[in-house]
Amino acid sequence: MFILLLRTTVSNRVLLSLLYTVMCLQLHAVDDISSLVKKVKKSVVNISVETAAQSGHLADSETQPLGSGVILDADDGIIITCAHVVNNSTHLLVTLNDKRRFIGRIIGLDEISDIALIKIEGDHLTSIPIAKEDEGQLGDSVIAIGSPYGLNDSITFGIISSRNRDLNLTKFDNYLQTDAQINFGNSGGALINSDGNLVGINASVLTTYDQHGNANSSTGIGFAIPVEVFKPITKQLLENGQVERGIMGAYVQPLNPQLANALATDIDTGILVSDIIPGGPSETAGIENGDIITHINGTRVESTNHLISLIGTTRVGESVQLRVTRNDSNLDKTVTIVKQIEAHDVKKTALDGLVYSDYSIIDGNGNTTNGAIILDVSHGSPGWVSGLKVHDIILEVDRQIVNDSRALSKLSHTARPLLMRVQRDTTKFYLSIN
Numbered sequence: 001m002f003i004l005l006l007r008t009t010v011s012n013r014v015l016l017s018l019l020y021t022v023m024c025l026q027l028h029a030v031d032d033i034s035s036l037v038k039k040v041k042k043s044v045v046n047i048s049v050e051t052a053a054q055s056g057h058l059a060d061s062e063t064q065p066l067g068s069g070v071i072l073d074a075d076d077g078i079i080i081t082c083a084h085v086v087n088n089s090t091h092l093l094v095t096l097n098d099k100r101r102f103i104g105r106i107i108g109l110d111e112i113s114d115i116a117l118i119k120i121e122g123d124h125l126t127s128i129p130i131a132k133e134d135e136g137q138l139g140d141s142v143i144a145i146g147s148p149y150g151l152n153d154s155i156t157f158g159i160i161s162s163r164n165r166d167l168n169l170t171k172f173d174n175y176l177q178t179d180a181q182i183n184f185g186n187s188g189g190a191l192i193n194s195d196g197n198l199v200g201i202n203a204s205v206l207t208t209y210d211q212h213g214n215a216n217s218s219t220g221i222g223f224a225i226p227v228e229v230f231k232p233i234t235k236q237l238l239e240n241g242q243v244e245r246g247i248m249g250a251y252v253q254p255l256n257p258q259l260a261n262a263l264a265t266d267i268d269t270g271i272l273v274s275d276i277i278p279g280g281p282s283e284t285a286g287i288e289n290g291d292i293i294t295h296i297n298g299t300r301v302e303s304t305n306h307l308i309s310l311i312g313t314t315r316v317g318e319s320v321q322l323r324v325t326r327n328d329s330n331l332d333k334t335v336t337i338v339k340q341i342e343a344h345d346v347k348k349t350a351l352d353g354l355v356y357s358d359y360s361i362i363d364g365n366g367n368t369t370n371g372a373i374i375l376d377v378s379h380g381s382p383g384w385v386s387g388l389k390v391h392d393i394i395l396e397v398d399r400q401i402v403n404d405s406r407a408l409s410k411l412s413h414t415a416r417p418l419l420m421r422v423q424r425d426t427t428k429f430y431l432s433i434n
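Sequential numbering of the sequence shown, starting at 1, is according to the working numbering.
Worth flagging that the hints you see were computed from the coordinates, not collected in a lab.
For each residue, glycine too, the CB sits at the ideal point set by N, CA and C.
Don't take every hint at face value.
Claimed, not checked - For lysine-lysine, the following DSBU-like pairs were computed, each having C-alpha atoms within a straight-line distance of at most 30 Å:
#1 132 <-> 39
#2 428 <-> 410
#3 428 <-> 339
#4 235 <-> 339
#5 339 <-> 231
#6 389 <-> 428
#7 132 <-> 231
#8 235 <-> 99
#9 132 <-> 389
#10 42 <-> 99
#11 38 <-> 231
#12 333 <-> 235
#13 428 <-> 333
#14 132 <-> 339
#15 99 <-> 231
#16 38 <-> 333
#17 42 <-> 231
Stated by the list, open to error - Distance ranges between label pairs, derived from CB positions:
#18 103 <-> 434: 51 to 59 Å
#19 268 <-> 35: 21 to 29 Å
#20 257 <-> 427: 24 to 32 Å
#21 332 <-> 424: 21 to 29 Å
#22 105 <-> 339: 24 to 32 Å
#23 39 <-> 244: 22 to 30 Å
#24 295 <-> 135: 12 to 20 Å
#25 267 <-> 244: 52 to 60 Å
#26 103 <-> 258: 52 to 60 Å
#27 74 <-> 434: 55 to 63 Å
#28 135 <-> 427: 54 to 62 Å
Using the sequences and the accompanying hints, generate a full structural model.
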């Protein structure tokens, strides 16, 4: 009995020691977080809009809290926020953490990325340190700081739940998803990591509605604009007041298992190049149809929107490094970004909606057949309407021989309709594509 009691006592002592250690670590962590927030919250501001009454008298005006902002440059009084917070405003009132108030003016705004810059004239401001582009990773702890419902200095905790999230708002969508609580008024606020560095700008929250169409309270799923998006956008807004987006001169689509199998590649993630614009930067760089883009500037590409976002935030005239896979060989290509063509200047081709690749086969008699093989046909595309099918082989376009996918791409930009000579199984026939 004595021995059993002794063992129990020792066991309890060990347990108490472990509990004490855990409590000390928790208290230390809380103390670290408290110190971190105390330092960083000096950089987070409240933004209100001042709207004058119809009489136009300032005395009749009223101030409404709109959102939050983050001081990026203390010397010049530059504050970043969301474009939807300040867009269409007349007068802006910026309230600092120390309760000082300043009139703000918009010096740059980009609705597509939802980024805006405000300038105030003030002294003794505190700017926030900006994280490196690879700091905000899946599972990292984050803290959201802002002014939800006008309640200043509100903080919530969470993790980065997902990266490169596409909300189908624009083709440039690229958000961080977090379970740190974000509510109305948090927009434009800071999402920081455990080092106190800014990894994102709080932008939106997933909202559900009841049967009467009324918005429910926060779902606990929030979204922030990541540093790799807001940093280059901010640079352009500071220099030009607007954002000039570039293109790489290629059409792309997601790589799915069916396409990967048809391309005979072991790669299961990447972006497939479906068409090259003749004379464009991708063709100049040696990018070809059927290439699979896996990385841009060393960053793994997660989706088409991720790629478009990274390209779209690159300044016109600058170059990006692409890692592409072709026939299971990795190639590095340098593409110089050019100015985006306005939508009304872009001419659709007869091959829009088609994915194709090189085709070459030698039959039993030693005869070689070259062409371009169709890997995918989008429903409703010109090729689909004309009757093209997957595994069709394009042999000629307007009576000119097609030896590979590159030749097909070039010939597709001639005048419509296109006369195509097609091989399907052992049968050869002509198709007209408008």
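Do the hints match the structure? See the list:
1. 132 <-> 39: holds (19 Å)
2. 428 <-> 410: Satisfied, since the Cα-Cα distance of roughly 22 Å is no more than 30 Å.
3. 428 <-> 339: Distance of about 42 Å is beyond 30 Å: violated.
4. 235 <-> 339: The given pair, whose Cα atoms are some 17 Å apart, holds under the 30 Å limit.
5. 339 <-> 231: With Cα atoms ~19 Å apart, residue 339 and residue 231 stay inside 30 Å; holds.
6. 389 <-> 428: Cα-Cα ~13 Å, so holds.
7. 132 <-> 231: Satisfied, since the Cα-Cα distance of roughly 10 Å is no more than 30 Å.
8. 235 <-> 99: Within the cut-off at roughly 29 Å; holds.
9. 132 <-> 389: violated (46 Å)
10. 42 <-> 99: holds (10 Å)
11. 38 <-> 231: holds (24 Å)
12. 333 <-> 235: holds (25 Å)
13. 428 <-> 333: Distance ~37 Å between residue 428 and residue 333 Cα, so the pair is violated.
14. 132 <-> 339: Distance of about 27 Å is within 30 Å: holds.
15. 99 <-> 231: holds (28 Å)
16. 38 <-> 333: violated (46 Å)
17. 42 <-> 231: Holds, because 20 Å separates the two Cα atoms, which is no more than 30 Å.
18. 103 <-> 434: 51 to 59 Å: holds (58 Å)
19. 268 <-> 35: 21 to 29 Å: At roughly 44 Å between Cβ atoms, residue 35 and residue 268 fall outside 21 to 29 Å, so the hint is violated.
20. 257 <-> 427: 24 to 32 Å: Hint holds: Cβ distance 29 Å, inside 24 to 32 Å.
21. 332 <-> 424: 21 to 29 Å: Check failed, 37 Å falls outside 21 to 29 Å.
22. 105 <-> 339: 24 to 32 Å: This hint holds: roughly 28 Å between Cβ atoms.
23. 39 <-> 244: 22 to 30 Å: violated (36 Å)
24. 295 <-> 135: 12 to 20 Å: With a Cβ separation near 18 Å, residue 295 and residue 135 satisfy 12 to 20 Å, so the hint holds.
25. 267 <-> 244: 52 to 60 Å: violated (33 Å)
26. 103 <-> 258: 52 to 60 Å: Cβ of residue 103 to Cβ of residue 258: about 58 Å, so the range 52 to 60 Å holds.
27. 74 <-> 434: 55 to 63 Å: Holds - the Cβ-Cβ distance for residue 74 and residue 434, about 60 Å, lies within 55 to 63 Å.
28. 135 <-> 427: 54 to 62 Å: holds (58 Å)
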